Amino acid sequence: MSQLTYASIDQTILNTLTPPKKYYWVIVFLLFAGALIGAACWTYQIFVGIGVGGQNNPVGWGTYLINFVFWVGIAHSGTLISAILHLFRAGWRNPIARAAETMTVFAVCIAGLFPFIHLGRVWQVYYMIPLPNQRLLWPNFLSPLMFDVIAISTYLTVSSLFWYTGLLPDLAAVRDRSAGTRYKIFKILSLGWTGAHEQWRHYSRGYLFFAALATPLVISVHSVVSWDFALAITPGWHTTIFAPYFVAGAIHSGLAMVLTLMIPLRKLFKYEQIITGEVLENVAKTIVFTGLIVGFAYATEYFIAWYSHNAVEMEQFRWRALGDYRWGFYFMVGCNTLIPLLFLFKKVRTTIATLFIISLIVNFGMWWERFVIIVGGVAHGFAPHAWGLYAPTYIEYGIMLGAFCLFFFLFVLFAKHLPSVSMTEMKEVVEKGAESHGA
Amino acid sequence: MGPERYLMGLFKDEDQVVAAVNELKASTYTFHRVNSPFPSHKIMDALNLKKSMVGWFTLAGGIIGLVGGFCLAIFTAVQWNMIVSGKPIVAIIPFVIVGFEATILCAVFGNILGLVTQTRLPNYKLMQHYDPRCSGEHFGILASCETGQEDGLNEFFRQKGGEVRVFD
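Chains as they are written, first to last, in my numbering: chain A, 1 to 439; chain B, 1001 to 1168.
Hints are not guaranteed to be accurate.
Mimicking PhoX-like on lysine-lysine, the simulated pairs with C-alpha atoms at most 25 Å apart in a straight line are [stated by the list, open to error]:
#: 1; chain 1: A; residue 1: Lys416; chain 2: A; residue 2: Lys22
#: 2; chain 1: B; residue 1: Lys1160; chain 2: B; residue 2: Lys1051
#: 3; chain 1: B; residue 1: Lys1125; chain 2: B; residue 2: Lys1160
#: 4; chain 1: B; residue 1: Lys1125; chain 2: A; residue 2: Lys184
#: 5; chain 1: A; residue 1: Lys187; chain 2: B; residue 2: Lys1125
#: 6; chain 1: B; residue 1: Lys1025; chain 2: B; residue 2: Lys1042
Quick caveat, the hints were computed from the structure, so don't treat them as lab data. Since the structure is predicted, the reported quantities are computational estimates derived from the model, not experimental observations.
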């Protein structure tokens, strides 16, 4: 980063906001079409009924809840990078913090859609909102599902405000280099920010508090998501390690998605000087760490099932490795724990192609982890005569495709219309680099 | 005495800014502010600023959220007095989650309120004496003087190594 100057940072990042070429709009159109397929499938489900999905007894929780947990997980690394690493003063997070925060906001939005989709009668969602109504009904705050409503809506609100607050000085920088309608739009969006010392005095303090508040929030949110399962008595779900296990898994999948998004972005936007190989290498090292934590959690689940001598638990975990969904289990262990260990080799974690491929593999494996936990638990419960299997329907696949397309659609729009790297934070990195060099 | 004239000295180096601010404060010119593209610790230290009050807003929001979250959960529970899952009507442990999330949410709202009120945003009037280069690679020192003294102030900024912008 030593070759970076304030001017080169501005130039590199603002160059990404030039009018896009035709192929960009083709990609946007294709992703939008994919999102429309998802919307059409959901509309069909609303008119025909939830039965168009594959969920049925005993597996009442299928891809809608798998995708919910998957997207909440993806959302977590954004806050890890922007808040937790900010508190630890880890300078390498600065080039990727903005994109990771944006990923968080979009991923929470996508995740938030799935409980609505899963609800079936989505118009009755107001029962979950604690507002006085004519039926004098109130939500039951003893339910983990209500915990989830509060946690996810808080997370969406906080991460959106955190994202916008961080964006404010950069919106002003774009405003100052724009003209015409674009100037007017960015003038409104930047709220008249001028970078006056009085503004920075309050801003720096407020941003620190944001980070300090977002840190426990991010840990609480995925803990709460894990309690959707752990507070039920279902075999395979009812375990106290779920909260840390889910939080580590969430960060694991989120970091993998950061690599999946950052590597093409770096290439397309010529960010090599800003998002250096060292930054990607540090993400890879963190993936090794989180991969080992989830691997330890997988092993602990087996140990506890064996050590408890509980016949139902033991059967659940025997079936997990040898039963109908064993492939999901092998994907989960292989993709999330074993393959990321390849990052221990410097050659692997410094080669862009292998970084990208392994990030895709981890994303794939983390989706399967949620499948194994959610479907596996209810498919193979207490009573053998109630065991059953589940397979998603085309409607569910359509909605899943729509969710992925919507996420990438939003991200692609963001990348070309707002600064995808924080100019302010990059300038701070240069300043600190100069200071340490001078010292 | 004529109307005030505003001038901005634009510097690329933080150390020059610090030196200029220190001398400007000791002079007869009126120092207004420094505009910078990022929060420079050197400049902040030179200005000897007081600690921001934003934290008090955050704290107040957090306390309101904590009390409000518990009150909401307890209020809704006692409306029906129905035992669920064998737990007491007012079950403190599950309500900690409601209280915790409400604490964070309201603390963040307090933080935003603090930021908005303390930085006085949105405020488009601040852009009146502002140079767009200050969001790029320049640090701008805004100072004013009485009409007729602008040449002196102009010269002062130039001596310190800066460019000068004179506002109408």
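Structure-inconsistent hints, enumerated in ascending order: 2 and 3
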